[in-house]
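Participant: Each chain, written out:
2 protein chains.
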Amino acid sequence: MSSAYFLFTIDAECPHSWARAGTIQTPHGTICTPIFMPVGTQATVKSVSPEELRAAGVQIILANTYHLMLRPGSELIASLGGLHSFMHWDGPILTDSGGFQVFSLGHLRKLSEEGAAFKSHLDGSAHLLTPESVMHIEAELGADIILPLDICAAYPCSPSEAKEAMERTHRWAERALETKKCYRPEQTLFGIVQGAFEPELREQSANFMGNLPFPGLSIGGLSVGEPKQMMWDILHYTTPALPRNKARHLLGVGSPEDLVIGVGLGMDMFDCALPTRVARHGGLFTPDGRVNIKSARFRTERGPVQEGCDCYTCQNYSAAYVHHLARTEEQLYYRLGSMHNIRFMLRLASQLREAIIAGSYPAFRDEFMARYIPASEAVREVQREKWQATRRN
Amino acid sequence: MSSAYFLFTIDAECPHSWARAGTIQTPHGTICTPIFMPVGTQATVKSVSPEELRAAGVQIILANTYHLMLRPGSELIASLGGLHSFMHWDGPILTDSGGFQVFSLGHLRKLSEEGAAFKSHLDGSAHLLTPESVMHIEAELGADIILPLDICAAYPCSPSEAKEAMERTHRWAERALETKKCYRPEQTLFGIVQGAFEPELREQSANFMGNLPFPGLSIGGLSVGEPKQMMWDILHYTTPALPRNKARHLLGVGSPEDLVIGVGLGMDMFDCALPTRVARHGGLFTPDGRVNIKSARFRTERGPVQEGCDCYTCQNYSAAYVHHLARTEEQLYYRLGSMHNIRFMLRLASQLREAIIAGSYPAFRDEFMARYIPASEAVREVQREKWQATRRN
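Chains as they are written, first to last, in my numbering: chain A, 1 to 393; chain B, 1 to 393.
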C-alpha cells in the first residue's frame, strides 16, 4: 500500500504459513520486515545511544506520545525541530497514540465519546485527549508513522464491553483520518484493530479498519495479561481478515518467542519494552533461552554472554565482566545488557526474514522454539497447532 | 626518572611558576602531562565505555583496589587476564592502595604497625591489608602504576597524630618497596607523601619519599575536607622538596580549578571522581563555571550545553534535550553529562600543557580563573599569592 511518503511491498511469502518478508519506505529511510522496534518512551531507548542502536541493526524505533506530551511537551519538541532532531535519531520513528497509557491510569481517567480526560501521573494536571488532539500532538512530534487514539479493552472484559470499546475505536479512527488531512502529509497514519478476545469482533474490526484508507494496521489490545496461547488464537481469527497489501504491526509485542510465532501468524512489525526492561534486571537472551547474568555460574565465565554473538557486548567483554557490572549495579551494565538484547531481537528479525525468503520459515520456527523454550515433543505437537496457520486469505 | 617500564621526561617548564609539561611512558602507552585521570572505581568509569573515554582524550584511568579486592576479587581479575583485559581498556591504569577507603571505614577498621584490619562494607567479612598484601593484590590487578599502603591522617588532626601517620607511612613505603621486588617488574610503584597540614612534616615526607627509588610520587592526604587555600598552602611547602625528575600525582584531586592551580604548584597528574559525580547530579562544567543542567533556563535551549565544545554531547545534542534527559532521570543523561565533564577536564589538561610549552601558563591560569570563578580584582590579587609559587627548587 503506498502514498507519496509510505510504500509497503511484499518481497516474499512463506508457502506454509502467513509469514511474509516486506519492505517499508518512509521519509527517514527503508525498513525491512519482519522488524522489531525498540521502545524509546521518553525520546531515548533507555541507556543506549542512537549510534549504538544503528550499530545493533535497529531500523525504526517507537516513542510514546503520552510521556512526551507531558514532558517535555510536544510543542517544545516541535520548536526544536521534531523528535528526530530532538533525540538525534535520523531513522524512522513510530509514535503511539497515548491511548494505552491513558487507559492504564485507571481512576485517573474518564472516557467519553469526545475522548479521554485524564490527570497527569507526574503532577496531577488535567488533560483531554481526543482523536483530533492526538493528531495535532503527533504532528508536533513528527514521527514517520503515527497511530490514532483507540480504546484498549481491559483483560478480562465482557463481550459487550469489548464491542463498545471496538465500536468507539472505529468511530475515533474515522475522526482521526478526517483530522489527519489538515496535518503533515509526510506522516503516515495506521489504523488500530481492536476487539479484545472475541473472535467475531476481531474479524469485524480487521474488516472495518482494513477498508479504511490506512496504509498499515496495528493490532492492539493483545499481550495485556492473557495467556500467550490466547493471543495466538486471536491472531488466527484476525489475520485472515486483514488486507494482504497493508503493513501489520503487532502493538506492544514482544519477546523473542512472540516475534518468531507472530511472524508465522502474519505480523510484520513488533515493538516492546520487554527486551530492554528484562535486560536491566539481568535477563539476557540466548538461543538456549533467557539467562540471568547475575547468576553465580557467570562469575568466572571468560567467554561472552552468548558464544558467536555479534553484539558490542559479546564482542568486547567476558560474561564474567558483565556479571560483575550487573552485580555491582554499575550503569555500564544497563548499556551492555540492553545492547545485547536489542541486537538479539534485530538479528532474530533478520534471520526470520532470510528464512521466509528461503522458504524455510516453519523449520526455523520449530528449531528456534525447541531450543529457546524446551518442551517435550508431545507438548510441542500441541503448540504447533497454535503456531501453524492454514492460509485462509 | 626511568626504568625499563617507566620513563618520565620533562618537555617544558614554566619560567614563572612550578608548572611543567612532561611525558610518561608506560607498558600500555604514553601519557602527556599535565593529565587528568577519570576514576573507574569498580573497573568502569560509571556509565561511560572505554571507546568513549578514548574519544574524550582520556590517556590513563584510576581504579580502586579496595572495591576490586572485595568484588569481584583480585584473584578472579588475575585469572581473567588482569584489569586491562577484564574492563576492555588497553591504555595505562593506576591503582590506588585501598588505604584511603579503609581509613574512611571509621570504626570498621583497626590500624597496627602490621597493617590495617577492616570489615568489608559489603558483607562484614574480615580482611587485613598490609604493605606486603597490597603489593600482591595490585600485582594481580595488573595496573601500570601502583601505590603502596599509606595512612591518610584525618582532617583536622593534632601534629603528633600527623607525625605518627607520616612516619608509619614511611616505614610502610620501605616494606612495600622491598616486597615489590618479588612481583611484576612492568608495574611501577609510586611513593606517597603525607604529613597532613604540617608544613615541616610535608617537607620532611617529600624529602624522605623523594630519596627512595620511586620513579613517581603521589601527594596524599589533601582535599580531605580542608579549605582549598589550605591545600594550596601545603603544596607551597611540599613541591620545593620534591625531586624535579619524578612524576608528581596529586591524589584524589580535583575540580577544574584544582587542575589549573595544581599545575602551577608543580603537579603533573590528577585523579578525582568529582567531574563524573557532579555530572550525574546535573552539574556540568563550562568556561563560565559549573551550570546545573536541570535548571529551567535550559528547557528551551537549542544550542549545546557549551558553545564550541568538541565533546560527543555538545556535538550531537541540544542543551534542551540533555535537560529533558536529566529531568526525567534517563540513563542516557548520565552518559552525556559524564562525557561532557570528562572531555572538559581532558581538554583543560591539554590546554594547560600547551600554555606551559608556549610559556603562557600564568596568563592562562588567571584568565581561566577570572572566568570560571568570578571574583573582584581585590580578591583575585589575594588569591594570586596563593596560586603563585616562587621557584624554590
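Hint data in this document are derived by calculation from the structure and do not stem from the laboratory.
Hints are not guaranteed to be accurate.
Note that identical chains are pooled: a pair holds if it fits in a single copy or bridges any two copies.
[Said to hold, decoys possible] List time: in silico DSSO-like cross-link candidates among lysine-lysine, alpha-carbon distance up to 27 Å:
1. K294 / K46
2. K163 / K110
3. K46 / K181
4. K228 / K181
Predicted model only: the values in this text are computed from it and were never measured.
Participant: Does each hint fit the structure? Answer for all of them.
Facilitator: Tested hints:
no., hint, verdict
1, K294 / K46, "both (20 Å within a copy, 19 Å between copies)"
2, K163 / K110, "within (18 Å within a copy, 73 Å between copies)"
3, K46 / K181, "neither (34 Å within a copy, 48 Å between copies)"
4, K228 / K181, "neither (38 Å within a copy, 64 Å between copies)"
The structure shown violates the earlier hints numbered 3 and 4.
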